[in-house]
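Asks: Here is what each chain is made of, one letter per residue.
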Amino acid sequence: MPAYYLEVIVVVLGLTLLLVEAFVPLGDRRSLAWLAALGIGVVLCLSFLVSTPEQAEETGRFSALYATDGLALFYKRIALLTTLLVLLMSADYRKILHQYTDPERPQSQAGLGEFFTLPVFACAGLMWMASATDLISIFVSLEAVTMTFYVLVAFMRRNVGSLEAGVKYLILGALSTGFLVYGITWLYGITGQTELSAISEVLKEGAVSKTAALFAFALILVALGFKVGAVPFQFWIPDVYQGAPTPITAFLSVGSKAAGFVVLLRVSEPFIASELISSNVITILTVVAGATLVYGNLAAIPQNNFKRLLAFSSISHAGFLLMALASTPAGGAISQFSISPVSAISFYLAAYLFMTLLAFLVMTLVRTQRGGESIDSFRGLAKTSPFLALTLLIAMMSLAGVPLTAGFIGKFYVFLLAVNQHHYWLVALGVVGAAAGFYYYLKVVRAMYWEAPEDTSAPAIEVSMPTKIALILLIVAVFIFGLDPAPLML
Amino acid sequence: MMEQLPWLILLLPLVSAATILFVARRVPNISALLSTGSALVTFVMSILFLGFGDDAVVPAYPWLWLGGTLEKGLVLEIGLQIDQLSRGMMFVVTTVGFLVHVFSLGYMRTDDGKARYFAGLSLFMFSMTGIVLANNFAMMFVFWELVGLSSYLLIGHWFQKDSAADAAKKAFITNRVGDFGFLIGILLVWAISQTVNFDRMETFFAGNPEVGSGLLAFAVICVFCGAVGKSAQLPLHVWLPDAMEGPTPVSALIHAATMVAAGVYMLARVAFLVEASELAAHVIAWVGGITALVAALMALQQDDIKRVLAYSTLSQLGYMVMAVGLLAAEAAMFHLFTHAFFKALLFLGSGSVIYACHHEQDIWKMGGLRKKMPLTFITFSIATLSLMALPWVTAGFYSKEAILAAAWHESAPLFVIAGFTAMLTAFYMTRLVLVTFFGKARTEHAAHAKESPPVMTLPLILLAIPSVIAGLPFFYERVQATAPEHHGEGSMLVLAASVITLIAGAGISFWLYKGASEDPLRIKLLARKFYIDEIYQGIIRVFQDGVATLLSIFDRYIIDGLIAQLPAYATASIGSILRRLQVGNLQGYAFLFALGVILLIWITLFNT
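Taken in order, these protein sequences are the chains called B and C. Under my numbering, the final residue of the first sequence carries the number 490; numbering is consecutive throughout. Under my numbering, the final residue of the second sequence carries the number 608; numbering is consecutive throughout.
To be clear, the hints were calculated from the coordinates, so they are not data collected in a lab. Misleading hints may appear alongside valid ones.
Unchecked claim - Taking CB as the label site, the calculated pair distances span:
hint, chain 1, residue 1, chain 2, residue 2, range
1, C, Phe180, B, Val432, 46 to 56 angstroms
2, C, Leu149, B, Ser464, 36 to 46 angstroms
3, B, Ser374, C, Gly588, 22 to 32 angstroms
4, B, Ile480, C, Ala60, 17 to 27 angstroms
5, B, Val432, C, Glu210, 37 to 47 angstroms
6, B, Phe387, C, Asn585, 39 to 49 angstroms
7, B, Trp450, C, His445, 40 to 50 angstroms
8, B, Val432, C, Gly588, 20 to 30 angstroms
9, B, Tyr424, C, Leu279, 32 to 42 angstroms
Stated by the list, open to error - Sample of chain C residues facing chain B (criterion: CB under 7 angstroms; computed from the structure):
hint, residue
10, Val44
11, Leu586
12, Ile601
13, Ile603
14, Leu605
15, Phe606
To be verified - So the derived list for chain B, only partly shown, Cβ under 10 angstroms to chain C, looks like this:
hint, residue
16, Leu175
17, Val222
18, Pro232
19, Ile284
20, Val287
If you're wondering where the values come from, they're calculated on a predicted model, not measured in any experiment. Glycine residues also receive a C-beta, built at the ideal position from the N, C-alpha and C atoms.
The following block holds chain C by itself, in its conformation from the complex:
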């Protein structure tokens, strides 16, 4: 039974999604309970799961046999990898997943597409579990795409709105760009190591440290492209802010805590590949660092509560990716782990605010919510402090320290960038809390806001707990194999840096935004996100128009003229010749038959 438990965790959400889709679709309330029930069961199972030893072997199922043997060749398996890494990640996914399900029961209570929504959530849980538990690249890629699909479905949940439909499309297409690189990377890694299985791959690279350095670097960077798309790193970050068009619980689950972290998880899973190629590691670290900085800058001037959080997510993901590039994958996973809780909490808190303000998302139209929504305010503040890394008492402090320490050891410029980003984080989060919860109510909706129902506040309270304690050893040691050490040389300096940046960022923000009723800062470049979307639009337009013209010429003259007309003519003439052959005349057939026999014998005997 225990052996089959991982399979159950994987398949239960699929069963739930299929049942809703085929049977229970017309009964939304049952669909919702079914989906939430399956999330609860997987949550409980993933806790049991933490008790598994590393020697727990789950029998793999050979799926497609494309030649060769398991050791050398292309045999695609469906197999589950049960180790510290996947167990910890499963814990995060199912905890946040379950709480988001519960929150959704309240948030989506009156939605018309409730059944569809919960089917989508279950499909997502299935796909995400597949990524986490996959023991080989091929299987991971399949689930990687399934996650993309469920994300598409959930972002576009309110597809009647053009902006939601467009955002879903944008997310899907941007991810395709990254996935294209990912697939090439997988194939290259397979070409080098002759296997797609992670364990065997690791053994191979441990045994052949000198293997093709240039090609390997290219392969690893291609694999990293997948993470760039999924974890929304520069330059493919554009989809994540737009993905906030989806329902807020979806933003919390998929676009903050789990799916966007899949890229980081994948890189941690193949950390041995990153270690094998110094060049690729540098590229990864710098992409992560720059994303962290640029996203934090963009977050400074956003007015939509969810967009501030979205850019903050980008920035934090940049931290994690940077840590992977600095060969500190444990630090990255540690931050992923703590970030999942407090960022999900922030999103759900923002959902609670949005719900209370009748789907108003502009923070300048809120204000003074502190007294009206005390539970939301307190939990939101806890998460904010955790994100700002308040020393010693929050989870975010420990994990950010680990990353800063890694940067300090490996690369001074990245340490400076990370420190500066920490200051920006403190700045924009202080701004967000001040404008939303303090001051006077600036609109009618905000003035009459009420606290959300318990089904929504309960998940907030439950998430606030790990936001505080997830950094403490007794908690994370159960889910994390090696405690990332940050008490080495220079740790005092790292600590000092994080305290100073926190005080500076929060202080300046407090001074600027205390009692402000409109934004005293007007930095258009940041508000417009460095015009990256516009630049992309321009490039795409020019490029698309150019390519379209080119293709049209190609299509008209080459395809239509040569390739279609010529064979069409040829086929027509062959057809008419064949038709003349297929006269239906028996003597003719017999004659041709005899001719064929002679031809065949001639070729066999005299022409080989």
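If we strip away everything but chain B, and leave its shape as in the complex, we get:
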């Protein structure tokens, strides 16, 4: 089965869901979310049946536009898994959503259908991004995703925070898109190509203006830096993450970031492989990585709102990921003593998916049933809901990078790469950042385990069966891949 069938199936699934919503009378529209999650789960299983590039008979233009390598498949699976979990979260989030969409009519389910369907379309876009190897298809797939997110971020239209977040994301996103197009234009102007493989050839020959090539790279880095939350293009992240509905924040923070990184990996590869400019490209990546590490970790320290804390944490993880990218050996040759940055980044993102979604799943439950997102809302959670507290504890330990968790292995590989490339300043910043991480991640653990609950009579938080299964599977994943990372290594 060719790989692009997967995207086709996902799009058809989205359309079907819309039709079902319109024509089938549903008592509880949350079944739509479960249906969607089921469909995505089936596609995730199908992704293991996809034929390898050797088996596929692809010819002509299409194979240049669309990669079917292991990397693409890996990120397609990340997109699918993220969407699946986001859909489960969305179903749990119905109550809050309802408060801000149609508060006058308590029984109304207006808008729920779209809220459950749009992530499916976004998923198709994310999957396409994973395969895009041509500047045009990169641009189109990226925009397809971003458009969906504009809507989703502002979905709670009676909530000022959500609306404000939507507007900010829209305007800053449009700004960054402008830079992307401008960069693509320059790159096309220099090389006369839009296919990345062809661009790589031209850049390797070195018969281009160095300044122009670097300028193009800087412009593209602006746009992709915006996507992944790299300093100095991170300003939108705290506000948008905090304002958006929690499941959408999770989606942005995992799906969008992972897709941003696969594009960044693909686009930066020709530049790093070119001897003419690779050292400059590495330098700028190092500077951005260092700044992101410092900003993400330091600014996270004083946060009291858990959602905002996770926003800064997402910036800090972008810093670690960029650190791995900046540790690509100049010329792109991987020595036999090192692992490749691509596999390190991919593993890190997969680990990041498990632990971040674990945290967001718990947060969604606490938000809907305790009504708050500040760290204070988590006080005494260990007494009232020990399972959720333990889950969040595991997520936080993995995010901080405690050994035996997937988060530790991810960080370990990043540091290994940086040390091998002698980026000692970056290593130092990374160490400081990781240490700061222990402080701010464990703050919520302290609240859960060592502080008395605000309201001792509060009932235990209910966890629906699908969510419970998802939580347990994610915990297992955090530990399994923390013990043996090999199956997730590209």
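With the hints as your guide, set chain C onto chain B.
Replies: Chain C alone, transformed into the frame defined by chain B:
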């Protein structure tokens, strides 16, 4: 199937431990049977295992890839090494392990924490198997620590008692000191040879005999630190006597026969490293010799039946370590092999006595048990004779001879120490048997003692067999690759020395303790174990108080004052600056965004 057998041996106890922990915890009897069943199966498998040829290759599983290749670099594998050494050791571990499981069924029958106890035993069997079968240092270290954990759990089984909880802590912390050195040693050896795999390491050192002598000696001594901790050699021996707070079967299995021997096993596994460094070999031999002597002296004046045996274990482990240092690793393994059986028997016998006397452990409150507990008495005596090395008819004789012969060939002073220690051994064991089993019953409990139930005496009988025959060639040749030769030059002298020391030690002891109702010897220095525990306490107190004061000053002024206050202030101010940036004002964001773009382009184009 046969290829996967070693994996099964490794994983079965883990499955049993996990099942008990997660499923069967509430049904203690099923837990006990589950654990004993898994021990039986591994026992049978390890006998099958003896039939494996040396060419049996077990596929290794690459675990963590940290750069480089298998040959050169750091790739951590989970792999099993199947050779004569590991097969023999597996036989010891599973035999003693299985019998101790059976014995525990009786000894722990009414214990409240029975399920927990058997889960701990299974965890221990898993960890110990891991050490024995590991084909590389990294994996061995992981299981080394797991063994430490299970030992901690089992010593502290009766954690309600402060003494047991303290002893568990002491064992764990003392071992940490040794393990710290061990880890450094492993890293240094890796730095020298670029591999942690034993086979490749051996090839490397065979191919590069002149490699960094000073560093290598240091590395080997660091590795030896691990053995010092685990095998309780001076100066880290203090935990083992205290570990007797654990249930007696645990003492027999872990603190006599198997875990404490892990240090010796590890040294035998890397015997090529010891051979590569003469200096390290000397250090190892002398540490072993001194431990053997000092521990035997301490054993002379102990009144607790288990503590006498504990110091005796220390002393025998000292023999083995000494043999490794004298480059006679086969002799060390041979003694480990025989010692495991008769020392486990001694401990289980003492367990039987303690059980019969209602958990009384003071030998002066026993006496006259010979008639009331004939089976225990006979088997205990057999083991005692084996430990005292009665010539020709006991297993201990052959293995001790091998070590004495090695000492005779290599170092005269160590030979004298070993000979003197043999005399002390005969002395304190004769004392132990006389006071416990002969004379009159000195307390009510002793007077009404009854023989233990068959589930406890059966393991004693089964262990008595190898205590006698394990030294004979037809038995040990199946588990031991090379028979340690002791029929060389001077063997008559060695034989004469061991006979004379045996007669002298036993004779003096018999003369002193025959019919004694209280100890005619009062040597406080020995009874108080040379005050080593007190000295450590003192050092730790002074050191800890000093360091604590220092740290408190450091903490208050440097950490709190400079490092915490300053960045806290800095963070707060940065935070407020950032907060001013994060005003939520869209125009502001767009402006900063543009500023960032300009900065980025400037750095890219003009500053690289």
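Asks: Each hint should be assessed against the structure and marked as holding or not.
Replies: Here's how the hints hold up against the structure:
no.: 1; hint: Phe180(C) / Val432(B): 46 to 56 angstroms; verdict: violated (26 angstroms)
no.: 2; hint: Leu149(C) / Ser464(B): 36 to 46 angstroms; verdict: holds (37 angstroms)
no.: 3; hint: Ser374(B) / Gly588(C): 22 to 32 angstroms; verdict: holds (25 angstroms)
no.: 4; hint: Ile480(B) / Ala60(C): 17 to 27 angstroms; verdict: holds (20 angstroms)
no.: 5; hint: Val432(B) / Glu210(C): 37 to 47 angstroms; verdict: holds (43 angstroms)
no.: 6; hint: Phe387(B) / Asn585(C): 39 to 49 angstroms; verdict: holds (42 angstroms)
no.: 7; hint: Trp450(B) / His445(C): 40 to 50 angstroms; verdict: holds (48 angstroms)
no.: 8; hint: Val432(B) / Gly588(C): 20 to 30 angstroms; verdict: holds (28 angstroms)
no.: 9; hint: Tyr424(B) / Leu279(C): 32 to 42 angstroms; verdict: holds (36 angstroms)
no.: 10; hint: Val44; verdict: violated (30 angstroms)
no.: 11; hint: Leu586; verdict: holds (6 angstroms)
no.: 12; hint: Ile601; verdict: holds (5 angstroms)
no.: 13; hint: Ile603; verdict: holds (6 angstroms)
no.: 14; hint: Leu605; verdict: holds (6 angstroms)
no.: 15; hint: Phe606; verdict: violated (9 angstroms)
no.: 16; hint: Leu175; verdict: holds (6 angstroms)
no.: 17; hint: Val222; verdict: holds (5 angstroms)
no.: 18; hint: Pro232; verdict: holds (3 angstroms)
no.: 19; hint: Ile284; verdict: holds (5 angstroms)
no.: 20; hint: Val287; verdict: holds (6 angstroms)
Going through the hint list in order, the structure does not satisfy hints 1, 10, 15.
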